[in-house]
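Quick mapping for you: the protein sequence lines, in order, are chains V and P. Numbered per my numbering, the first sequence spans residues 4 to 243. Numbered per my numbering, the second sequence spans residues 3 to 261.
One or more of the hints may lead you astray.
[What the hints assert, rightly or not] Quick list of in silico lysine to any residue cross-link-like pairs, SDA-like style, CA-CA up to 20 Å:
#, chain 1, residue 1, chain 2, residue 2
1, V, 107, P, 156
2, V, 107, P, 164
3, V, 32, V, 156
Calculated from the structure, these hints are not laboratory results. All figures in this text were calculated on a predicted structure; none of them were measured in a lab.
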Amino acid sequence: MKAVEVKHLYFRYSREWILEDVSLELEDKEFLAIIGPNGGGKTTFLRILLGFLKPTKGEVKIYNKPPNKASYLIGYVPQYTTFSTDIPIVVEDIVLQGRLRKGKFFYTKEDKKIAYEKMEILGILHLKDKKIKNLSGGERQKVLIARALSVEPKILIMDEPTSAIDIKGQNEILNLIESLELTRIVVSHDVKILFRKVDKIAYINKRAIIHEAPQLNIPKDRHFCEVELIDFLKGEECGI
Amino acid sequence: MWDLINTSIYAGILLSIAIGIIGSLIVVNKATSITGSIAHGSFGGIGIGLYLGVSVIVSTLFFTILLAIVLGVVSLYFQDRKDSLIGVIWALGMSVGIIFLNLTSGYQADALSYLFGNILLVGDSDLKFMAITDLVLIFSIVFLYNRFLAMSYDIEFLRLRGINVSLLYFYFLILTSITIVMSVRAIGIILILALFTIPPLIAEKFTKKFYQTIILSSIIAFIFIASGILISYYYDLSPTPIIVLIASFGLFLSMLKRS
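If we strip away everything but chain V, and leave its shape as in the complex, we get (with noise of 0.2 Å):
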C-alpha cells in the first residue's frame, strides 16, 4: 500500500490555481522534502494531505483513505509561530494532546506512558512541569514534535520544523527526523534538509517537480551555492 498517492490534484481558491497538475506517490516509511518559493503552494498542498482543505480536482490519498478520513494516522507538526503560548499550560499538557480520541474524555496511564516515552525520546522529560512561555524555540519545537508522535501515527507531517531555531538545535532536530521509522514529509524553506537522507523531493511552485533523491548526487562535501542548487531542482531535466 503506498503511504500517499496524490494525482492530477488542482487546487484554486477563486480563478487562479494555486496548485495545478501535482501527481506524487510516496511508499511506506519514505522521506519527503518539500522546498519551494513562498506563496509557491507548499502550505495549501500541506493543508490538502491534512485534510483542511479539499481539492478542487484530482485525486489524494492517504494508505488509501481520503485525507480527512485518514486523520488518526497521521502526527502534525505545525509551525510553532502560527500559536498562542501565553495561556497556563504546561509540557506535558501539550504532549498528551496527541492521545486525543473521539469519544475519549480522560486521558489513561497508556497515554500518559506513551506520552513520556516520547519526551524522553525528545530529550525533553525534565521540561514536563515548565510552562510552554518559559522554553527556548527549539525546545518548543521538540514538545511538538513530541506531540506529533504521541499519536503514534503511520506518517508525520512537519510544516518548517527548523525555523526559528539555532544551528545546533536544528541539526539535532533533522537527525532525529532522519532517525524515525515513519513516512515522513517536511516542508522547509531550508536547502540543509536536503543533504539528509531523503528518499523524494518535490520543489513545489504551483505546479510540482518530483526528483528521487538518490540520482541527484548533491555533493555533500563541498561548498555549494543555494541558488544553483535550486535552479538545478526546477530544472526539469531529471524530474520523473
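Position chain P against the provided structure of chain V, taking the given hints into account.
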C-alpha cells in the same frame, strides 16, 4: 441585615465559581470581545422580555444563545471581518433592547437595574438558577477539560484528532451565554466583562496549569465580590461598580509582579 448579606454572599460564591470556569476559558481562548458582544447584545433579550411581559431571564436566555450562535458562525467562518462584525452584533442587540423598551408602556426603571445589576437584591429564585448554571459549568469543565485546553492552545491539532471543534466552540459560547444570563441580576450586563476577565488575568500569572487558574480565579473573584458587597452595604453605594473598582485595583497590583 444579615439575611440580605447572607443571600448576596451565597450569590457571590455561586458567581465566583462560574467566573473561575468561564472567565478562564474566555481569557485563554481570547474571546473577550465576543463575550462583550454577547453581554451587551443580551439587552435585546431584556427589552423583548419586558415588552412581552414574560420572564426576562427566559427571553434573555434565548436571545443570548441566538447571539452566541451568530458569533460562533462569524468567528469560525468570517475570520477576516470578525472584529468588526463582533462590534455590529454588540450594537444591534442593544438597539433591539432599546426599541422594545420604547414600545413597552409605562416607566421602565427595571431596565436600568439590568444594566448594572445589584447583588444585594438577588432573590432565592435567582440563587437557584445560579446553582443550576454552576452545576452545568462544573460538569462541562470536568468532562471537556482536555478538549477545551487543546482548543485554546491549537485548535487545528484538535481537529486533526477527529474532534468536532466547531461544535466544541459553539458549546463554549453557549456556556458563556448562560453564565452571562445568570449574572445579569447580580452584576448587570455592562460590567460583566471586567468581572469575568480580571480574576483569570491575575490568576494566570501565578499558576502553571489551567485547572489551577480556574480554582485561583474563583477564589480571587470571591474576594473581590465579598469585599465589594460589604463596602457597598456600609456606604450605601452600588455594589457592581465597587466590585469592578476593587478588581481593577487588584489587576493593577498583580501587574507589578514580573512575569
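Right, here's what the structure says about each hint:
With a C-alpha separation of about 18 Å, the suggested pairing of residue 107 (chain V) with residue 156 (chain P) holds against the 20 Å cut-off. With a C-alpha separation of about 11 Å, the suggested pairing of residue 107 (chain V) with residue 164 (chain P) holds against the 20 Å cut-off. Taking the CA atoms of residue 32 (chain V) and residue 156 (chain V), the gap is near 11 Å; set against the 20 Å cutoff, the hint holds.
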